[in-house]
Amino acid sequence: MYKLGWFSTGRGQGSRNLLTAMLKAIKSDEVKARIEFVFCSREAGEAEGSDQFIKMVKDYGIPLVTFSYQKFKSSRGSPKANPEDLPDWRLDYDREVMARLSGFHSDLSVLAGYMLVVGREMCARYRMLNLHPAAPGGPVGTWQEVIWQLIEQKAAQSGLMMHLVVPELDRGPVVTYATFPIRSKDFDPLWVEVKGLSVKQIRESLGEDNRLFREIRRQGAQRELPLVVATVKAFSEGKVRITPQGQVVDDKDWAIKGYDLTVEIEGKMKGEGCSI
Numbered sequence: 206m207y208k209l210g211w212f213s214t215g216r217g218q219g220s221r222n223l224l225t226a227m228l229k230a231i232k233s234d235e236v237k238a239r240i241e242f243v244f245c246s247r248e249a250g251e252a253e254g255s256d257q258f259i260k261m262v263k264d265y266g267i268p269l270v271t272f273s274y275q276k277f278k279s280s281r282g283s284p285k286a287n288p289e290d291l292p293d294w295r296l297d298y299d300r301e302v303m304a305r306l307s308g309f310h311s312d313l314s315v316l317a318g319y320m321l322v323v324g325r326e327m328c329a330r331y332r333m334l335n336l337h338p339a340a341p342g343g344p345v346g347t348w349q350e351v352i353w354q355l356i357e358q359k360a361a362q363s364g365l366m367m368h369l370v371v372p373e374l375d376r377g378p379v380v381t382y383a384t385f386p387i388r389s390k391d392f393d394p395l396w397v398e399v400k401g402l403s404v405k406q407i408r409e410s411l412g413e414d415n416r417l418f419r420e421i422r423r424q425g426a427q428r429e430l431p432l433v434v435a436t437v438k439a440f441s442e443g444k445v446r447i448t449p450q451g452q453v454v455d456d457k458d459w460a461i462k463g464y465d466l467t468v469e470i471e472g473k474m475k476g477e478g479c480s481i
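The numbering of the sequence shown is the working numbering, which starts it at 206 and goes up by one.
Please keep in mind that the hints were generated in silico from the structure rather than gathered at the bench.
Take these hints with a grain of salt, some might be off.
Said to hold, decoys possible - Derived DSBU-like pairs: lysine-lysine, alpha-carbon spacing no greater than 30 Å straight-line:
# : residue 1 : residue 2
1 : K260      : K276
2 : K237      : K457
3 : K359      : K400
Said to hold, decoys possible - Ranges of calculated distance between the beta carbons of each label pair, as one might list FRET restraints:
#  : residue 1 : residue 2 : range
4  : W294      : E409      : 35 to 43 Å
5  : Q406      : D264      : 34 to 42 Å
6  : Q450      : M206      : 21 to 29 Å
7  : Q427      : P378      : 24 to 32 Å
8  : D264      : D293      : 34 to 42 Å
9  : K208      : R325      : 22 to 30 Å
10 : M206      : M303      : 17 to 25 Å
11 : L296      : K208      : 21 to 29 Å
12 : W294      : Q450      : 25 to 33 Å
13 : Q406      : G266      : 49 to 57 Å
14 : G219      : R325      : 23 to 31 Å
15 : K229      : R325      : 31 to 39 Å
16 : G266      : K462      : 18 to 26 Å
Backbone N, C-alpha and C define an ideal beta-carbon position, used for all residues, glycine too.
Using the sequences and the hints, build the whole thing.
Here it is as structure tokens:
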């Protein structure tokens, strides 16, 4: 049985939805795997959202390990301007996490709403995947920043990907991805609404309430859960894997620049009646 590790801060509904979607796919036998452990970087009593997440994990009967990042930071750390330059106390936090997880083994781990930068030692210990809200070669940054860049570029498509977590933030190789058009009969009228306007003008007038921005986000968001599930499925079936050297290869051991799951995800969304 393929073994999964699950890392989350458990802040809100999105974190709970990701875990629920994965468990649903496992229970239905769509994905032949099991979650070996869930690690949460918050402890009970820190916030309402994470309390709900922790309760949900316990209700599912999944082994749960919690270790408060904020409490550790208060006792050992200080703010750091550059998130890629982790201070010693921050690396010590990762070491504590690894010690607490030493009794578990996972073939693959998913960062699902895990709000911390992962240090070098932890990257070496676990094969971890993270979701990025852009297609390979697309914009970098948060999903908001990605969408504004797409609008500025007058892009024809967007997408999302899972990448290998490496010490350099968001720079790991693409593992899986899916794309979708943002130029189509549904999108074209929305582009007309902002024609002739700069991104600066759009942001100052309507901001994120403009219909083009909202539709790009909607289309991307509704593919996030399917991509995470389809990625784990592909790994569990041996269609894609990561070598000890950190190279992404297919089932023939050919090096690939990401495994394209677009067709599978679009088919699944249509089967579930999603509006695409």
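Results for each hint:
1. K260 <-> K276: holds, 20 Å
2. K237 <-> K457: holds, 21 Å
3. K359 <-> K400: holds, 10 Å
4. W294 <-> E409: 35 to 43 Å: For W294 and E409 the Cβ distance comes to about 41 Å; the hint holds.
5. Q406 <-> D264: 34 to 42 Å: Given a distance of about 48 Å, which is not inside 34 to 42 Å, the answer is violated.
6. Q450 <-> M206: 21 to 29 Å: holds, 26 Å
7. Q427 <-> P378: 24 to 32 Å: Roughly 25 Å apart at Cβ, these two residues keep to the hinted range, so it holds.
8. D264 <-> D293: 34 to 42 Å: holds, 37 Å
9. K208 <-> R325: 22 to 30 Å: Given range 22 to 30 Å: holds, Cβ gap about 23 Å.
10. M206 <-> M303: 17 to 25 Å: holds, 23 Å
11. L296 <-> K208: 21 to 29 Å: holds, 26 Å
12. W294 <-> Q450: 25 to 33 Å: Roughly 30 Å apart at Cβ, these two residues keep to the hinted range, so it holds.
13. Q406 <-> G266: 49 to 57 Å: Check passed, 53 Å falls within 49 to 57 Å.
14. G219 <-> R325: 23 to 31 Å: Since the Cβ atoms of G219 and R325 sit about 27 Å apart, the hinted range of 23 to 31 Å holds.
15. K229 <-> R325: 31 to 39 Å: holds, 34 Å
16. G266 <-> K462: 18 to 26 Å: violated, 39 Å
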